[in-house]
Amino acid sequence: MQNKSSEKQVKEWHVFSKKTAIILSVAIFIFVATLAVFVFPLNGKDSFNISNTNYDFFWVSKAIKLGLDVEGGMYAVYEADISVFESEEETESALEGTMSNLQSLLFNEGYTEATVTKQGRNQIRVEVPSIEDTEHLISLLGEPAVLEFKDSSGTVVIKGGEHLERATAMLYEGQYVISLKFNQLGTEAFAKATEANVGKTISININGEEVMAPTVNSVISDGNAIIQGNYTYQTANDMATKINAGTFAVKLSPISTASISPTLGQNALLYSIIAGAIGLFIIMIFLIIYYRGMGIAATIALFIYTIILMYLLALIPWVQLTLPSIAGIILSIGMAVDANVIIFERVKEEKRMGGLGKGISSSIQKGFSKGLPAIIDGNVTTILGSIVMIIFGATSIKSFGITLLIGIILSMFTAIIITKLLLNILLSFNSESEKFYALSFKEANNEKTK
Amino acid sequence: MKKQNSLINLTGTKHKLSIFKNSGYWFILPLAIIFVGLVCGTIYSQIGNRYDGFANIGIDFKGGSVLTVEMNGAEMQGNNREANYELIASILGQNGLSAASDQNSGSDAIIVRYQNSVIGDNNITIDYNTSEMAEEMVAINNTVEQQVEDAFIIKYGPTIQIKANAEMINATASSDLLKKAALSVGIAMLLMLIYTAIRFDLFSGIAALSMQINDIIIMLSFVIIFRIQINSSLIAGLITIVAYSINNTLLIFDRVRDNIKLIRTQNLKLIPGEIVDTSVNQCLTRALFTSVTTLLTISILACMGIKSLSDFALPIIFGVLSGLYSSLFLAPSIWGLLMIAKQKNEIKKAKALKAQKR
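As they're listed, the protein sequences go chains D and V. When we follow this note's numbering, the leftmost residue of the first sequence carries the number 10, and every step to the right adds one. When we follow this note's numbering, the leftmost residue of the second sequence carries the number 21, and every step to the right adds one.
It is worth saying that the hints were derived from the structure and are not from the lab. All C-beta atoms, glycine included, are put in the ideal place defined by N, C-alpha and C. One thing to keep in mind: the hints can contain errors.
Incomplete in silico selection of chain D near chain V, CB under 7 Å [to be verified]:
| hint | residue |
| --- | --- |
| 1 | Thr126 |
| 2 | Ile291 |
| 3 | Leu340 |
Please model the complete structure; the sequences and the hints are all you need to start from.
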């Protein structure tokens with residue numbers, strides 16, 4: 010940039026020559042228009058013909074993944090065979106174990122937003138988003154997890170369903186441990202196995218995956234075992250639940266499965282898009298009325314922001330649009346406008362304080378550079394927050410964090426780079442009219458209109 | 021430059037709001053809101069009125085019942101859906117229950133969820149969610165099933181096959197989700213505090229952090245007062261406000277930072293009250309503009325007429341308003357008060373040092 014502006018310089022200068030400005034604006038228009046065309050289906054068809062060949066393609070808006078609350082999915086209700094349990098407590102813990110087993114199973118299969126709940130006395134209700142075929146859901150959940158103890162040579166010495174009575178978390182010599190209690194058959198088998206493996210490890214496997222491999226210290230013949238490790242109560246309890254889940258054969262039989270519509274109601278997604286669009290439209294009008302020329306640049310920048318955002322949401326793999334992430338988007342639109350307002354207020358101030366000598370162009374450049382630290386500091390804190398949410402948050406909070414992060418980085422980009430580019434283009438066509446840029450401060454009282 | 025040069029003249033700011041002079045008064049409103057929230061919560065949690073607890077905790081966290089109504093022989097969804105849902109909802113209403121959410125299932129069923137709170141005679145609400153009350157709730161659910169089936173047969177004739185099934189369900193949002201949410205928000209706020217303290221000063225960091233906490237508490241107070249349902253989306257709303265409100269506050273502190281620089285270069289006396297007032301008034305247009313634009317979009321979302329969306333949007337509206345108030349009035353006041361305390365402390369130290377030297 011040819012920024013040689015000094016305080017005395019009254020004659021206006023611009024970044025672009027008129028010719029460059031025309032070329033740039035045409036290029037931007039074509040680029041944005043092309044991007045915009047592919048966001049929304051124009052006629053609902055997903056293919057087009059060029060001389061007898063069919064070209065299939067995806068509309069960008071259709072490639073965005075949606076969550077259970079806005080898209081719907083499948084639910085299944087299982088009946089657990091509780092006739093084998095004697096007490097209420099036994100039933101309760103058996104069901105709880107089965108449910109946590111189901112939950113981790115679904116999570117491992119990639120259905121991170123699935124819910125598992127107890128229903129009635131002996132039923133388990135499972136709801137899974139973005140899944141369409143019942144067969145898959147049933148096959149996914151129908152098989153109980155298998156617990157096995159293997160010696161160092163890989164031979165199975167204990168089978169959960171056959172040998173283990175229960176596993177519990179307990180405090181032992183000041184440490185949390187997992188206490189295993191074997192049944193009659195298991196006591197004998199475990200005694201035999203430990204005798205043969207003193208000093209070696211016996212590994213505990215759930216669904217064929219090694220969970221832990223404690224070393225055998227002595228022969229264990231009383232049917233009890235303790236697994237030591239660096240457990241907190243939570244991890245010991247979780248582990249015990251998992252082991253339990255593998256032991257009991259709560260027979261689950263599916264009693265009903267069906268598709269479900271979004272939990273938020275049919276039109277929640279559509280309505281929130283409409284709300285966002287109306288909001289954006291009013292904001293644009295507002296910007297143009299209040300900031301005139303600068304507002305026009307900001308409006309075009311906001312439009313570009315919205316289009317690029319759609320593409321990013323569709324292309325970035327971890328995005329799953331849920332209600333929280335829609336909130337993240339609305340928030341980031343607000344922040345995109347915010348960044349523009351911060352800069353424009355600075356520009357106005359520069360112009361007002363600079364007196365008659367200050368030109369429009371240099372006020373604008375100065376306004377951008379002065380507004381920058383505030384925008385960066387404000388956004389960096391929010392970026393920090395969203396990264397933490399992505400790392401530490403539970404699933405729905407993660408998806409909020411991801412959309413917020415995308416939105417904020419993009420909004421900084423549009424406000425700082427695109428708005429400035431557009432303003433510089435505008436300036437090369439018109440750098441004189443204070444009225445056009447809403448920068449005339451002739452009346453002393455009019456310096457701060459609300 | 022002349023001696024009577026002041027920050028106000030230098031920046032050319034018109035002071036519309038005197039923030040610092042009234043700093044004590046700004047704290048009255050939030051405290052009053054919190055107080056009203058506590059009072060309302062206490063009243064609601066008394067047994068024998070139409071509310072069933074301190075706050076309105078949703079099915080996600082507390083459990084409830086899920087009613088599946090399946091019909092063959094007449095159209096369940098499609099054109100009849102609205103009427104069918106109304107019919108189910110009215111039967112729930114007759115039994116003192118109120119539908120919390122509804123969704124389609126398969127091609128011939130509607131699923132309705134409701135809390136296990138029954139408004140009985142004399143408008144007294146009883147919570148049936150405890151294990152002792154479970155059997156009675158099952159009985160109520162059985163009545164609902166029977167009545168729904170009867171009502172549909174009356175409506176569509178005896179040729180249809182109708183099956184209503186109401187079952188109690190446990191909470192879907194695990195305590196794990198809450199723990200993780202609290203942990204991530206806590207860490208995020210801590211990092212924001214550290215960043216603010218480095219980029220601005222420690223006082224700004226403290227003021228910004230306490231405003232985040234204030235906004236959350238104010239939001240929760242409104243949620244309690246208006247009995248907005250506490251569910252998973254409220255957690256999302258709370259986090260939204262945590263991310264949003266700091267932005268507003270930092271904008272003011274950015275001006276504070278600028279003005280302190282200006283004062284240093286002009287060798288003026290650092291008067292916290294003057295800095296606060298100037299900075300806030302410089303940011304007034306922008307703060308109002310930004311809050312209004314965000315409020316606008318969220319308010320449209322709230323007015324769409326979908327209960328789940330307005331339940332989500334209302335707390336955010338309260339949060340944005342609280343964020344605007346706290347960033348304009350509370351945060352600068354806290355910064356100014358801390359600054360004055362620091363200056364007094366320094367003067368004291370200087371005096372003590374002088375005394376020692378003597």
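How the hints compare with the structure:
1. Thr126: Result: holds, 5 Å to nearest chain V Cβ.
2. Ile291: 6 Å, holds
3. Leu340: 6 Å, holds
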